[in-house]
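Quick mapping for you: the protein sequence lines, in order, are chains X and R. The numbers in my numbering rise by one with no breaks, and the one at position 45 of the first sequence is 643. The numbers in my numbering rise by one with no breaks, and the one at position 98 of the second sequence is 134.
By construction, these hints were calculated from the structure, which means they are not laboratory data. Remember, predicted model here, so these are calculated numbers, not experimental data. Just to be clear, a hint being listed does not mean it is correct.
[To be verified] Derived lysine to aspartate or glutamate pairs resembling DMTMM-like cross-links, with alpha carbons at most 20 angstroms apart:
no. : chain 1 : residue 1 : chain 2 : residue 2
1   : X       : K647      : X       : D683
2   : X       : K666      : X       : D683
3   : R       : K106      : R       : E95
4   : X       : K697      : R       : E95
5   : X       : K656      : X       : D683
6   : R       : K107      : R       : D137
7   : R       : K106      : R       : D74
8   : R       : K107      : R       : E66
9   : R       : K93       : R       : E115
10  : R       : K45       : R       : E66
11  : R       : K93       : X       : D693
12  : X       : K647      : X       : E613
13  : R       : K50       : R       : E115
14  : X       : K647      : R       : E115
15  : X       : K647      : X       : E686
16  : R       : K45       : R       : E88
17  : X       : K697      : R       : D74
18  : X       : K656      : R       : D137
19  : X       : K697      : R       : D98
20  : R       : K93       : R       : E66
21  : X       : K697      : R       : E66
22  : R       : K45       : R       : E115
23  : X       : K697      : R       : D137
24  : X       : K697      : R       : E88
25  : X       : K697      : X       : D683
26  : R       : K107      : R       : D62
27  : R       : K45       : R       : D62
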Amino acid sequence: AQSVTQLGSHVSVSEGALVLLRCNYSSSVPPYLFWYVQYPNQGLQLLLKYTSAATLVKGINGFEAEFKKSETSFHLTKPSAHMSDAAEYFCAVSDNTDKLIFGTGTRLQVFP
Amino acid sequence: NAGVTQTPKFRVLKTGQSMTLLCAQDMNHEYMYWYRQDPGMGLRLIHYSVGEGTTAKGEVPDGYNVSRLKKQNFLLGLESAAPSQTSVYFCASSQQSGEGDTQYFGPGTRLTVL
Numbered sequence: 599a600q601s602v603t604q605l606g607s608h609v610s611v612s613e614g615a616l617v618l619l620r621c622n623y624s625s626s627v628p629p630y631l632f633w634y635v636q637y638p639n640q641g642l643q644l645l646l647k648y649t650s651a652a653t654l655v656k657g658i659n660g661f662e663a664e665f666k667k668s669e670t671s672f673h674l675t676k677p678s679a680h681m682s683d684a685a686e687y688f689c690a691v692s693d694n695t696d697k698l699i700f701g702t703g704t705r706l707q708v709f710p
Numbered sequence: 037n038a039g040v041t042q043t044p045k046f047r048v049l050k051t052g053q054s055m056t057l058l059c060a061q062d063m064n065h066e067y068m069y070w071y072r073q074d075p076g077m078g079l080r081l082i083h084y085s086v087g088e089g090t091t092a093k094g095e096v097p098d099g100y101n102v103s104r105l106k107k108q109n110f111l112l113g114l115e116s117a118a119p120s121q122t123s124v125y126f127c128a129s130s131q132q133s134g135e136g137d138t139q140y141f142g143p144g145t146r147l148t149v150l
C-alpha cells in the first residue's frame with residue numbers, strides 16, 4: 599500500500615532563510631509525487647509534481663523538489679523564504695490507480 | 037473559467053439532520069473526488085467518480101453517499117449527520133487521474149455538526 603510521511607508538522611524559518619520540508623513515500627511501483635500548498639481558508643493549489651521525467655522538479659513561487667529513489671524521498675526546498683510562503687504544505691503520492699494519498703501536512707511559519 | 041466551485045461555504049447542522057454538498061467543475065474533467073480535512077490528518081478520500089454515472093468508495097466512505105448524474109457535478113450527501121462528520125470538505129477534479137494528472141481543488145465547505 600502507498601503511504602506518505604511528512605516529518606515535522608510545524609516548521610519555522612526566518613525570512614530569507616532556506617526552507618526544507620521533508621516527505622518520504624512508500625510505493626510498490628514507480629510513483630507520481632506531488633506537493634500542494636494551502637493558504638489559510640483556501641483550497642489546495644499544486645506547487646509541483648514528479649511524473650518520472652527529470653528528478654529535480656521546479657514549481658511555482660521558487661519552490662523545487664528532488665526525487666531520490668534510493669532514499670524514497672521527495673523533499674521540498676526554497677532557497678530564501680518569503681513572508682507570503684506561510685501556509686500548510688502537503689505531499690501526496692499516486693501510483694497507477696485513480697487516487698492520491700496525502701501526508702498529514704507541514705505548517706510553515708516565516709518570521710521577519 | 038471558474039474552475040471547481042463548492043456550495044455552500046459554511047453550514048451548521050444538528051445531529052441527525054441531512055444535507056447535500058454540491059461540487060461543480062467547468063473544465064470538462066472526467067474524474068471528481070470528495071475529501072475531508074481534519075487537523076493533523078491531512079486529506080482523506082471519501083468517494084470518487086471516474087465518469088458520469090459512476091462512483092466508488094475511498095478511504096472513509098461510511099456515513100456518506102454520492103451521485104454523479106451530470107459530468108460537471110458531483111454531490112456529497114450526509115443522510116444523518118453525526119458530530120464526527122464535523123470537518124472541512126474539499127472537492128477536486130482531474131482530467132485523468134492515476135497518470136500524474138493534477139487534481140484541481142475547490143475552496144472547501146466548513147461543516148459543523150452539533
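For each hint given before, does the structure comply? Return the numbers of the non-compliant ones in rising order. Numbers 2, 3, 7, 10, 12, 14, 16 and 25, in rising order.
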